[in-house]
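Asker: Residues per chain are reported as follows:
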Amino acid sequence: MINKIVGTAKEAVAEIFDGSTVMISGFGEAGSPIELIHALIDHGARNLTIVSNNTGNGHIGLAALIENKQVRKMICSFPRTANSVVFPELYRRGEIELELVPQGTLAERIRVGGAGIPAFYTPTSVNTPLAEGKETRIFNGNPYVMEYGLKADFALVKCKIADRYGNLLYNKTARNFGPVMCMGARRSIVQASRVVELGMLDPETVVTPGIFVDKVVEISNPLSENQLIKENRRYPWA
Amino acid sequence: MINKIVGTAKEAVAEIFDGSTVMISGFGEAGSPIELIHALIDHGARNLTIVSNNTGNGHIGLAALIENKQVRKMICSFPRTANSVVFPELYRRGEIELELVPQGTLAERIRVGGAGIPAFYTPTSVNTPLAEGKETRIFNGNPYVMEYGLKADFALVKCKIADRYGNLLYNKTARNFGPVMCMGARRSIVQASRVVELGMLDPETVVTPGIFVDKVVEISNPLSENQLIKENRRYPWA
Amino acid sequence: MGINENKGWNRDQIAARIAADIPDGAYVNLGIGLPELVANYIPQGREVIFHTENGLLGVGPSPVKEEEDDELINAGKKPVTAIPGACFFHHADSFTMVRGGHIDICVLGAFQVSREGDLANWSTGEPDAIPAVGGAMDLVQGVKTIIVFTQHTTRSGEPKIVESCNYPLTGKGVVSHIYTDYAVIDVKNEGLFVREMAPGIDFEFLKSCTGAELKLYE
Amino acid sequence: MGINENKGWNRDQIAARIAADIPDGAYVNLGIGLPELVANYIPQGREVIFHTENGLLGVGPSPVKEEEDDELINAGKKPVTAIPGACFFHHADSFTMVRGGHIDICVLGAFQVSREGDLANWSTGEPDAIPAVGGAMDLVQGVKTIIVFTQHTTRSGEPKIVESCNYPLTGKGVVSHIYTDYAVIDVKNEGLFVREMAPGIDFEFLKSCTGAELKLYE
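From first to last, the protein sequence lines are chains A, B, C and D. Counting in my numbering, the first sequence runs from 937 upward without gaps. Counting in my numbering, the second sequence runs from 937 upward without gaps. Counting in my numbering, the third sequence runs from 549 upward without gaps. Counting in my numbering, the fourth sequence runs from 549 upward without gaps.
So here's chain A without its partners, still in its complex pose (with noise of 0.2 Å):
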C-alpha cells in the first residue's frame, strides 16, 4: 500500500543529511513551509545549500536557519526584503554564499532539472554581469545564455490539501515553486494544512500529481510569518 502520510514534521525531515540541497517553497511568507524548516532547525543538519527565492524574514523559518549556521549557500533570485535582516548580515561578513539567480531562471531551471534535461538557453540576463562566465550563443540572430537544470536532494513544500498518493492542491498565490520543487527535488516532502481520503480529489484539479511527492506531514495550523514577525519571535522559542 502507499501511503506517504507520516505523523510529525521531525519525522517527514529526518532524512536530510548533512551537505544536501535543499529546495524550500515559498515567495516571501506566502508558501513557505515553516514548520518543516523549524523541524530542520531542531534536526540539526549542516552545511546545506539552500534554493529559495528569498532568504526569509525576522528570526523565523528560513532566517533562523540561516542564523543558526545550518546553510552553507543561497541559490535564490531576491535575498533582501522588509524584514530580511539575518542573511545580510551573515553575507556581508563573509560568512555565507550567494549564488544569485534571476527569478523565471530560477524556477525554469527547478523544472527543467526535475524534467531530465540538463541544460536550456535563456534570454534572460545577456549583457548583464549575471550572465558574466556563462557560455553565450546566437539563435535567430539573437543572443541567448546557456544556463543548467537545477537538481536537489530534497525539496520542503507547503500546500493547501493533500492526499496519501501524495497528489497536491495548493492556495492561491501559496503555489509559486511548490509544484516546480516537487519535480526538481529526488525526495519532496510537504507539509499539507489538509489530509484527505483517496478519492477526495477531483483527478482534474490536482497542481502537483503524487509521483512527485515522497512524504506528507499533515499541519492544520500553519503558523503565520507576519504575525510571528509582529510578536518578534525567535526560532527556537526563547
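There may be inaccurate statements among the hints.
As the list claims (entries may be wrong) - Listed below are the simulated DSSO-like cross-link pairs for lysine-lysine, each with C-alpha atoms no more than 30 Å apart in a straight line:
1. D:613 x D:626
2. A:1166 x C:613
3. A:1070 x B:1096
4. A:1096 x C:626
5. C:720 x C:692
6. C:763 x C:736
7. B:946 x B:1005
8. B:1009 x D:626
9. C:736 x C:692
10. A:1166 x C:626
11. B:1005 x A:1096
12. A:1005 x A:1151
To be clear, the hints were calculated from the coordinates, so they are not data collected in a lab. In this text the structure is predicted, and so the values were computed from the model without any measurement.
With chain A fixed as given, assemble chains B, C and D onto it according to the hints.
Answerer: Chains B, C and D only, in chain A's frame:
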C-alpha cells in the same frame, strides 16, 4: 472589454494564412478539435505545416485536411494508427514531408517555444537515427541532443469549458497537448464544449490561463471521430 | 519626491499618464513600488488584466484590512485581491508568460535608462549592497513593451536618463518609453524623442536635467 | 503466438511473471500491446500506479462497453478508467515524469534486444515503412528500470535477443531485464544472465534460439 468568444468555427479560423504553421491538439481522437479542422478545410488555407501527435484517422478531421492537400509537412511523433490511411499513402508517394519527433521531445519543444527558450538538451533519441545531424553534447559524462523550441503561427485546440478571458478547462486525457500548444502558438484558437460566465471557473483549477488564448468558439456537441469512422464518413460531407 | 516635488507631474499624475496609454485588453505586469500606482488609473471602460509574477493573472484592488490574506500577495509581497476570471499558476508557468512574450506591457522603476534603452534597476553596484534581482531581467527580455516609471532625476538632482548607464544593467536596449515627472519620452533607434512635457516644463529645462541627447518630434 | 505457442510460458504467464517482480508502490508505464497485459496480474495486496504518457497517472481496469469514453484512453488509444487518487496532466508534465526519472518501471515490446541492452522497437528500417516513434525513446532514457516483454523469437523463428541490433535503435544500453516465453534474463555489464527458465525449457535449447551469449548465475 475583453471578449475572446467568436460566433462560429468559420470565423475562428478565418485568419489562418497559406503557408502557416498550425499546432493541432489531440492524441488520436481525444482532444482533436474536429470542428475547427473542418472549418479550416472549408477555409482552404494551403501549404500548411501541421504539428500534431498523429496524422488523423479515416477521412475526417486531420486526415481529411491532409487528404484535401492542404498540408505540406507533418511534425509528429506517431504518424500511423489503426485507422490512419491518408497520410501513409501520401507519404509513400512522396507527396508530404514528415519530421518525426519523439513524443516527449515534441511536447517540450512546443512548451519551450512558448516560454522564450530557443533550445534545450535532452537524452531522448541519443544514439538513434533520430539524433542524426543534431548537435550532441556531454553533461556530467552523459550525451544529450540539442533540440529547438517550436513556435507556431496558430494552435487549434479542443477543451471542455472556457470563459470570455480564454481561461480553459479540459476533459480527462483529452487535455494532452492542448495546454502546451496554447503556449507555443502566436494565436490560439479554441473550441470549447461550453462557455461560462466570467467568475464561474475556480481560479485554482484553470488549466490554461486566458493569456495563452486568442479566440474561443462554443461547439456544444462536438462530433465523435470514432462514430464517424464507424459510419465511414468523409469530410467534406458527401 | 525629493527636490523636484514642486515641478511637473506628481507620482499619481505620472501613473495616470501611463495608464492612459495602456490599451483595452492589455496584459500588464507592474513592477514593485511606484509602478503599482498605475493600476489605480486605468480609464473607465477599459479592461486591463494585471499579471504578478508570483502566480496570479487578474490582480484586483488592494483588500480591506480585515480581508488581507498572507497567501494572496503580489510580487511586492503586498496583499491583493483576485478579480472574477483570475487564475493562479506556478512559477514556471508564470515566467512562460513573461519570457515567452505573452505579456504586452511591463512598467518598471529605474536607477538609470540610457539613450539606447538600456535599463539599470536592480543593483547600485556598491560593494556593500546585497544584490537582488527578482524577475526584472526576465521581464525586460520577455515582455513586448517595457515602460519606465521614474523621477526624472535622483534626489540629489543627478540625471537618471543618461548617455550610458554606469550601474549594472538589467537589460540592454529593452526600454520603449520613459514616463517621468517632467516628460514622456519615446526610445527609438534614432534617439530619445520627447512626446510630451508636463505643464511648466520647457525643452531647455528638460535638456538641462537629462544626461542624454533629447529630440523633439518634427 | 506463432510457432512457439506450445512451448514455455504463454503471454499471460509472461505478464504474470513480470507482475510478480513489480514491487508495492511502484510507478509503472506499460507499453502498447503485450505489456498492457501486466496490469491484470499485479499480486493482491500490492498497490502499483500505472502511468500512461498521454496524461493520466492511476490508470484503472478497462471499462465495461457502455462506459467507454473517447476522452479517457491510454497510450494505445484504448478506453481505460481512472482509479481513486488518479490525476490528469498535460503532455509536458507527463514527459517530465518520464524523462526526469520519476517512473520506476517501464515494460516495452521489442523487435530486438542486444547483449548490451540496446533496444530496437520502433522501426524495422524498411524503406516502405512509415516511421513512428511515439514516446518510446523518452521512456527508455528516462525510466529507472526498462523491462522488455517479448516472444523469444520472431514468428519465423529468428532470435530477437542478438549480439547487436540491426534494426534502428530506440536506445543504447537501456534494457535491464528481458521476459520471454522461454526465460527471464537479466542484462548486466558482464553479459546476459538467465535468472529463470520456463517449464520444459533447458539451457541448451534456450541458447539455440538466442543470438547472443547467455550465462547462468553461479
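Asker: Run every hint past the structure and note whether it holds.
Answerer: Status of the hints after comparison with the structure:
Distance hint between residue 613 (chain D) and residue 626 (chain D) is fulfilled; the C-alpha atoms sit about 12 Å from each other, no more than 30 Å. Proximity of residue 1166 (chain A) to residue 613 (chain C) is assessed by CA-CA distance (about 16 Å); at most 30 Å being required, the pair is judged to hold. Between residue 1070 (chain A) and residue 1096 (chain B) the CA atoms are separated by roughly 44 Å; this puts the pair beyond 30 Å, and the hint is violated. For a cut-off of 30 Å, the pair hint linking residue 1096 (chain A) to residue 626 (chain C) stands: about 21 Å separates their Cα positions.
A hinted pair counts as satisfied when its Cα atoms are at most 30 Å apart, and residue 720 (chain C) with residue 692 (chain C) qualifies at roughly 14 Å. With a C-alpha separation of about 10 Å, the suggested pairing of residue 763 (chain C) with residue 736 (chain C) holds against the 30 Å cut-off. With a C-alpha separation of about 19 Å, the suggested pair residue 946 (chain B) and residue 1005 (chain B) falls inside the 30 Å cut-off, and the hint holds. As the CA atoms of residue 1009 (chain B) and residue 626 (chain D) are separated by approximately 28 Å, the hinted pair is consistent with the 30 Å bound.
Restraint check: the Cα-Cα separation between residue 736 (chain C) and residue 692 (chain C) comes to about 15 Å, which is no more than 30 Å; the hinted pair holds. Proximity of residue 1166 (chain A) to residue 626 (chain C) is assessed by CA-CA distance (about 16 Å); at most 30 Å being required, the pair is judged to hold. Under the criterion of a C-alpha separation no larger than 30 Å, the hint pairing residue 1005 (chain B) with residue 1096 (chain A) is inconsistent with the structure, at around 51 Å. With a C-alpha separation of about 26 Å, the suggested pairing of residue 1005 (chain A) with residue 1151 (chain A) holds against the 30 Å cut-off.
Hint compliance for this structure: hints 3 and 11 are broken, all remaining hints hold.
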